[in-house]
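**Student:** Single-letter residue listing:
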Amino acid sequence: MIEVKHVSKEFVSPKKYPGLKGAVKGLFSNEKVVKKAVDDISFSIADGEIVGYIGSNGAGKSTTIKMMTGILKPTQGQCLINGIDPSRARKDNAQNIGVVFGQRTQLWWDLPLSESFTILKEVYNVSDEEYEERMKFLNEVLGLPEFFSSPVRTLSLGQRMRADLGAALLHNPKVLYLDEPTIGLDLVVKDNIRKAIKIINEKYQTTVILTTHDIGDIEELCSRIIIIDEGKKIYDGSLEELKDTYGTRRKVSMEVKKQEKLKGLNLAEKLGASHEECRMEFDEENKILSVTFDKHKLQVPQVMNAVMEVTEVKDIQIQETELAEIVKEIYNHGIDGKAV
Amino acid sequence: MRNTAKRYVRLYKVLIGQFFKVVLQSKVDFLMGLFGFFLSQFMGIAFLYLVFEQIPSLQGWTLDQLIFIYGFAQIPRGIDHLLTDNIWMVAWRIVLNGNFDRYMLRPMNIFFQVISEKLQPDALGELLVGSILVIRCLMKGIVVVDGIHIVLFFVSILAGAVIYTAIKLFFASLAFWLKISGPFLQVAYEMANFAKYPTEIYAKGIRFIITWIIPFAFVAYLPASYFLGVGGAFGFGGNGGVVAIECIIAAVFWIVAYALFQKGTSIYESAGN
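Protein chains in written order, with this note's numbering: chain A, 238 to 577; chain H, 388 to 660.
Here chain A stands alone, though its shape is the one from the complex (with noise of 0.2 Å):
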């Protein structure tokens, strides 16, 4: 169980003037900068979910999971990882966590894998039949023994992630944080990535906390997901309300044959619909038409009906609003601005 409370973290800077002259004068000012990098934020994971927790660059991502793992004391609130409140009882978390960070290896750099693997043994402490019984685990789902006795500064990015990941789960954490963990990867080995991360995650009820700007990444892992932006809560729940809720429009491409046919054509106005519900783009090119609309406010048939009342239709295709999109929109507008 993690609980998040009221938490908030402010970075203190001096401030700064531009140019030279400011640089003399920041020397002999006092003032300060505060920035809230995170305001206030409140949740609550159960044991064995998998939570995405998004938001764009500098959004207070990172900081919320340092925070969550110990690196970061809260400037106010409190996060409590089953009962252990990290900035308290520091090396008790750590016992209890495995951390990933996609763009920063925790790996002894110029060993071979394995050494790794038999200093984090004794690091957690981890019993001979414990390491046993993990690393056969781990070699199964993460395929290590291919490049064990490299250096792991000669390992590929993906093998590398995968080391990385074997390496935080060494001593069975109750929960994982992955910070970006198929930043920069291939298709294949991010899927290789993302199964890994679901097997771990069945068979031994880990709690899994992700940050990641891979769409995919959400899709296929997370049940809920919490997105911040400028520090603050914005969502969160499951994927399929934010779907339902924000996700309302469709969009209807339509191939004509002949495109003169549709000057003048007002589809909002002639379906009794706001521009804003009901959008015409023509790609003249490939003569495709694309209407996106609101699809509480008028169906598929409709549209469809309206243009091929003035022009023949060659093909039709009809997409739901991708999350990508969803997501996109509210990092520009924010929740409240319901425009998706």
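Treat the hints with care, as some may be off.
Said to hold, decoys possible - For lysine to any residue, the following SDA-like pairs were computed, each having C-alpha atoms within a straight-line distance of at most 20 Å: (1) A:Lys358 <-> H:Gln500; (2) A:Lys273 <-> H:Val396; (3) A:Lys269 <-> H:Ala658; (4) A:Lys310 <-> H:Trp564; (5) H:Lys650 <-> A:Ser324; (6) H:Lys505 <-> A:Trp346; (7) A:Lys310 <-> H:Tyr395; (8) A:Lys358 <-> H:Trp564; (9) H:Lys566 <-> A:Asn267; (10) H:Lys650 <-> A:Trp346; (11) H:Lys414 <-> A:Trp346; (12) A:Lys328 <-> H:Gln649; (13) A:Lys328 <-> H:Trp564; (14) H:Lys505 <-> A:Gln343; (15) A:Lys328 <-> H:Met495; (16) A:Lys328 <-> H:Arg394; (17) A:Lys269 <-> H:Phe563; (18) A:Lys358 <-> H:Tyr395; (19) H:Lys650 <-> A:Pro388; (20) H:Lys414 <-> A:Pro388.
To be verified - Beyond 10 Å from chain A on every Cβ pair, some chain H residues (computed): (21) Leu398; (22) Leu402; (23) Tyr655.
It is worth saying that the hints were derived from the structure and are not from the lab.
Because the structure is a prediction, the values reported are computed rather than measured.
Each residue gets a CB set at the ideal place from its N, CA and C atoms; glycine is no exception.
Assemble the complex: chain A is given as a structure, and chain H must be docked to it using the hints.
**Tutor:** Chain H alone, transformed into the frame defined by chain A:
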């Protein structure tokens, strides 16, 4: 408590073992470092000889006595240098680039993690030269040798090493506020060079600083003069009390430095991705 100590000893062996495996991958670097250090050590002694060929004694100190002070000063410095060299990385880099994160994520004492990441083989140069010079002076019979002096000799070396470590840790910890504190640490550490010689040769200001502010005089010159059976500056050095004061300074400095380090880790800001 005992289990914890045992665990840390085992961890230290494992961690330092890894360090050696890395170092031995590049033997050339290792040997060059060692060679360089011997060279600089012998230059230091050659300099002493050159000076004293011109001036047979300095403020009442003979060349042999000066060599003892010089040699004795190298030993605590060498021990600290050997074991805690990675503190410099905290001052220059690890806090700034966010690599300090990894210490925060492991279930071990953070200071322990910092120092068990590296041994500094260069320090063997200091330790060897220091020992040779001290043994030479013992053979010349200029050092007082009796039970209490022998015990205090080792106590003083230990306390001296702790003072070195504490001063390094104190200035390195400033990095949590300043991001880089290397330059400050550098200046403080350089002060130790003054303590290789009798402090009477310096102006009052410097003498005061290295005795009471950054007390390197208590690491080298003052206890050394006690072992030589000579009263040093400020009336210290005449008796074993100087080692007692050294121990108190070591304890106080360590407590202050470690408290600052812990405060620092609690305000550690990490680095963005």
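**Student:** Quick check: which numbered hints come out false for this structure?
**Tutor:** 2, 7, 8, 10, 13, 19, 21, 22 and 23
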